[in-house]
Amino acid sequence: MIIELSSLVRSTTLPGDAGWDAARSSFTLSVDQTPAAVVHAESVDDVVAVVDFARANGYRVAPQRTGHNAAPVGDLSGSILLRTDRLTGIVIDAEARTARVQAGVQWQDIVPLAAEHGLAALAGSAPDIGIIGYTLGGGVSWHARSLGLAANSVLSAQIVTADGVLRTIDAAHDPDLFWGIRGGGGSLGIVVSLEFRLFPITEVFAGALFWPEQEAERVLRAWREWTTTVPDAVTSIGRVLRFPPFPDVPEHLRGRGFVLVEASMRLDARAGAELLAPLRALSPEIDTFDTIPVTTLAGLHMDPTEPVPGVGHGRLLSSLDDATLTGLADVLAGPGAHLLSVEIRHLQGALAPGAMTGGAVSGFDADFLLFAVGIGPTPDAIVGVDAAIDAVLGSVAHVTAPTTFLSFSERKMTDGELFGASIDRLGRIKQTYDPNRLFQANHEITPIAD
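Everything in the sequence shown is counted per the numbering used here, starting at 1 for the first residue and increasing by one.
Careful: at least some of the hints might be erroneous.
So the derived label-pair ranges between C-beta atoms look like this [what the hints assert, rightly or not]:
#1 T326 x D365: 22 to 32 Å
#2 M1 x V249: 16 to 26 Å
#3 T446 x S11: 28 to 38 Å
#4 T326 x D290: 31 to 41 Å
#5 N436 x R86: 20 to 30 Å
#6 R55 x R86: 18 to 28 Å
#7 L166 x G74: 47 to 57 Å
#8 A277 x S11: 52 to 62 Å
#9 G354 x D21: 43 to 53 Å
#10 S77 x L166: 26 to 36 Å
#11 F246 x P212: 18 to 28 Å
#12 G354 x P231: 17 to 27 Å
#13 R167 x V383: 41 to 51 Å
#14 R218 x P245: 20 to 30 Å
By construction, these hints were calculated from the structure, which means they are not laboratory data. Just so you know, even glycine gets a beta-carbon here, dropped at the ideal spot from N, CA and C.
Input sequences plus hints: build the corresponding full structure.
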């Protein structure tokens, strides 16, 4: 039956076809995706055709651009993997300060185009992530504490729902569905384009301070105290990062572990330097802070730009006290010693509850976001990385918030953990637009009948 899909959509790849392994692979190489078929949609009509075929023939549809968070998607054997990488349209309205992008566009595609007009988007710390998936999950950018989640900047969307209808939705048209996609993830339909606000930002004061990893507890305590003093114009991350011993890694970083403070400040260099002074007083080994164009901000977090066998998971933290940091430092020196990165993002500001309104997730009732990740090239290695992540999460369990953040949750979570008070409304929206769960996503909403 699935072979009939090839006659409907030209860019269909089936098991056994040339290019099958490349077609089904995601950015997360530790996940072995084995769908019934892969379709590289070349038009919105292709998306509609796949949805109609799946609905009529008992398949599910799993949309995916890059698969940076593919692990929770689960078994795809009864699903069509719908790749959106060929939907690459971009329209920027510089006067209105808006952009419209199709589902295949990544942040690295639009950031330089917007910058030509003196504008910036609420782009993520990974330049090669798909804009749609990032934004539907919420989207925490380097401007998040002053401008909020990327989902709050969405003005409209085009979405194909389970009935095969292409809908243009906004605050006045299908408002419940529009509310749901902004933070509710990708299981309500296939978003084929988004329109969102751009902001008049051309440069920031940004960079990173590096200390030897052995200084982790002292530096993270100082950073935590520093976060209580900075304005919302500052978005920062405290992290431990271990560089692999690869030849392409700069010699002064190669094979070494560091504790870092990364930050982006919507401030001039003088104001930024004044704020940074208490951390610089701790004598970092490396200091990269400078005024930089927003086009280079994407490299600040040093995310890999090629697919890797990453294994990660994160949780929101309600607070971060000295005892917690001591316990975390002990784990990082022990069972977590082989993790690639453990980062803590400072939230609050425009991310605080009620600071902004938008969709299903418009902020977090938490002060920090922790994410741990390691490399799992083999099944045994994945088990080891998961155990190390468990140890890290165990050290912060007493300050872990009851809800979590979809985009940094790389394990299956309950609806309540993901969506909190929004879950009942989301469940009713799912029941209205996709009662039979046609759409498969990394974190799905359970339909709730009235």
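Hints, one by one, checked against the model:
1. The beta-carbon spacing between T326 and D365, approximately 25 Å, falls within the hinted interval of 22 to 32 Å.
2. Remark: the range hint 16 to 26 Å for M1 to V249 is contradicted by a beta-carbon distance near 49 Å.
3. For the hinted restraint 28 to 38 Å between T446 and S11, the CB-CB distance of approximately 32 Å keeps it satisfied.
4. The hinted range of 31 to 41 Å is satisfied by T326 and D290, whose Cβ atoms lie roughly 33 Å apart.
5. Between N436 and R86 the beta carbons are some 28 Å apart, a value that agrees with the proposed interval 20 to 30 Å.
6. Distance hint check: the CB atoms of R55 and R86 are about 22 Å apart, consistent with the given range 18 to 28 Å.
7. Checking the proposed 47 to 57 Å range against L166 and G74 shows it is violated: the Cβ atoms sit about 27 Å from each other.
8. Hint check: A277 to S11, Cβ distance near 55 Å, so the stated range 52 to 62 Å holds.
9. One distance hint, 43 to 53 Å for the beta-carbon pair G354 and D21, holds here, with the actual separation near 47 Å.
10. Between S77 and L166 the C-beta distance comes to about 28 Å, which sits within the given range of 26 to 36 Å.
11. Take F246 and P212: their Cβ atoms lie about 20 Å apart, and the range 18 to 28 Å holds.
12. The hinted window of 17 to 27 Å between G354 and P231 holds, with their beta carbons roughly 19 Å apart.
13. The hinted window of 41 to 51 Å between R167 and V383 holds, with their beta carbons roughly 43 Å apart.
14. Taking 20 to 30 Å as the suggested C-beta distance range, the pair R218 and P245 conforms, at roughly 26 Å.
The earlier numbered hints that this structure contradicts are 2 and 7.
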